[in-house]
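Enquirer: In case you want the letters, here they are:
2 protein chains.
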Amino acid sequence: MKACRQALLLSSSNCHGYSFLEFAKQEISSFLKKNGVTQLIFVPYAQNDHDDYTKNVTTVITPWGFNVAGLHTYPDPVKAIKEAKAIFIGGGNTFLLLKKLYENNLVNLIRERVYTGNLVYIGSSAGTNVATKSIHTTNDMPIVYPPSFDAIGIVPFNINPHYIDNLEKDTHKGETRDQRINEFIEMPHANLVLGLREGCILHVDGESLVLKGVAGAVIFKKGESKVEYPVGTDVSFLLNN
Amino acid sequence: MKACRQALLLSSSNCHGYSFLEFAKQEISSFLKKNGVTQLIFVPYAQNDHDDYTKNVTTVITPWGFNVAGLHTYPDPVKAIKEAKAIFIGGGNTFLLLKKLYENNLVNLIRERVYTGNLVYIGSSAGTNVATKSIHTTNDMPIVYPPSFDAIGIVPFNINPHYIDNLEKDTHKGETRDQRINEFIEMPHANLVLGLREGCILHVDGESLVLKGVAGAVIFKKGESKVEYPVGTDVSFLLNN
Ligand SMILES: [Ca+2]
Ligand SMILES: [Ca+2]
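The listed protein sequences derive, respectively, from chains R and X. Heads up: the first sequence runs through residues 1 to 241, numbered per UniProt numbering. Heads up: the second sequence runs through residues 1 to 241, numbered per UniProt numbering.
Derived DSS-like pairs (lysine-lysine); straight-line CA-CA distance at most 27 Å:
1. R:173 x X:99
2. R:212 x X:173
3. R:85 x R:33
4. X:222 x X:173
5. X:221 x R:173
6. X:55 x X:33
7. R:173 x X:55
8. R:99 x R:82
9. R:100 x X:133
10. R:133 x X:173
11. X:222 x X:133
12. R:173 x X:173
13. R:221 x X:173
14. X:133 x X:79
15. X:33 x X:85
16. R:34 x R:133
17. X:34 x X:82
18. R:173 x X:25
19. R:55 x R:34
20. R:100 x X:221
21. R:99 x X:221
22. R:55 x R:85
23. X:85 x X:99
24. R:99 x X:222
25. R:222 x X:99
26. R:221 x X:99
27. X:133 x R:173
28. R:79 x R:99
29. X:55 x X:99
30. X:173 x R:226
31. R:85 x R:133
32. X:55 x R:222
33. X:173 x R:25
34. R:100 x X:222
35. R:55 x R:33
36. X:34 x X:79
37. R:99 x X:173
38. R:99 x X:99
39. R:55 x X:222
40. R:173 x X:212
Think of the hints as simulated: they come from the structure by calculation, not from any bench.
Just chain R, same shape as in the assembly (with noise of 0.2 Å):
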C-alpha cells in the first residue's frame, strides 16, 4: 500500500515579519481545500491553557473558509479523532504535547488514519515535533516525562523546528544548534535531521515531501556537513534514507 499522508509541517506558528500564522495562510488554505477539507479540530495539548490557545489560533483560521473546534472540547477525544476529516496541532512545549497525545490514546489512532488517508495532518513546532519518528530533536525543556519519546510518525525521520545557526554569544560555553543536533546524530538509533527554518513549510504529499513556505531547511547526516536547501527543493529523497 502506498502511503496516502497528507500533511503540512510547519516550523513554527510565528515568523518574523507576518502575524500569527500569516505566513502560512496560503499553503494552509489551499492544502486543506485540496483535500476537501471545511472544518478542522485544533489540539492545544502543548500549552496549558487550551481555551485560550484554541480561540487565538480559532480567531485567525476561521476567515480563511475553515470551522475550528478545540479538541479539549469533546469529550470522548478518540470518537473525536475517529470522525475528524482534518486536525491542526499546535506549538508550546514538545514533552507535555506527546505526553498528553499518550494519556488520550491517539498517537497510534492518529498514525493510522493519517497513513490511511482519512485524517489530513497539520503542525507547528511542537505539532511537527510529535508528526515526526520521534521528539529526540526538540528545542523545549523537558518539563514532564512522557511514556516514550516515540511519537506519531508521518515522517521517518527527525525535525528540529525552529532552526537557527548558532545565535549564542562567543562569550556562551553552552552547545549550540548545531551542536545539539550533532549530538543526536552521533547516537546509534538516530536517523538524519531536517531543519526548518522559521518560516519554512515541510509539505508531505504520500511519497513527495517538498519544502514550501518563506524560507528553507538544513539536512543533517551523520558522518557529513550539513546541507541546506531552499524553499522549492523536493526532499522526497528524505524517505529512502
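We have chain R already, so just place chain X with the ligands on it with the hints.
Expert: The following block gives chain X with the ligands in isolation, referenced to the frame of chain R:
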C-alpha cells in the same frame, strides 16, 4: 539525621576567559582538601568517548595534586562507587548521562553515599543537572530516553546550568531561556529553579548552600519575578522551599 552532603555543583567546565576548569581550580582544590580527598573517580558518561574525556579532565586535575581514574575503567561500577571517597561527574548530554547512571544502578547508590557523608560529589553542567531533584531543567536535547527524569537529588530543587539572559535575536521566534524555565515553573510538580550563570558554583556543605566562583545565579519561583544573587550569597534558604 542532619544531611552530611558535601558537593560542588558547577554551572559548566568552561567559562569565558579561563581554560578548561581553570575558574574552579581553587574551589575544587580546597573543597577536596577540606574533605581529605586525594583521589577521585571521574564519571565520563555524559559523552561518548569515555577514554578521551577522562584524559582531558585528568590532564587538568592531576597537576592540582589529585589522582583521577575514569569510572569506565573499573570492571564493576557499583563496587567502584561503594569504595570511592569522591566523584566528579562531567558535562555533555544530561539524558545520556542519566540513562547510563540508571543502567549501572548508580543513582540511588550515589544519593545514599552522599547523604551519609561517605561520598564527596563534584558535578559540572550535566553532572550538576543529575545532582538535583530531576533533569526537567536541562538545556540538552533529549537524544536518548532515560527510565525517569528523577535524578540523584543532592539538592531538592532544580538547577538550570549555563544560565543566560535572552540571547536569541529579536527576529527569532523560538523560546528564550526564561520562557523555557517559566514553562517548567508552571507545572504542578515544579519546584523552584536556580539558574547558575557560567562561572557560578553552588557549594553544598550539609545544610549550608553558598554561591561561589566568578559569576552569580538567578532564582525562578512560580508567580514571582526572577531574582538575581551575586557570588558569595548564602542561599541555604533554598532548602526550605
Ligand atoms: Ca516550544
Ligand atoms: Ca550539554
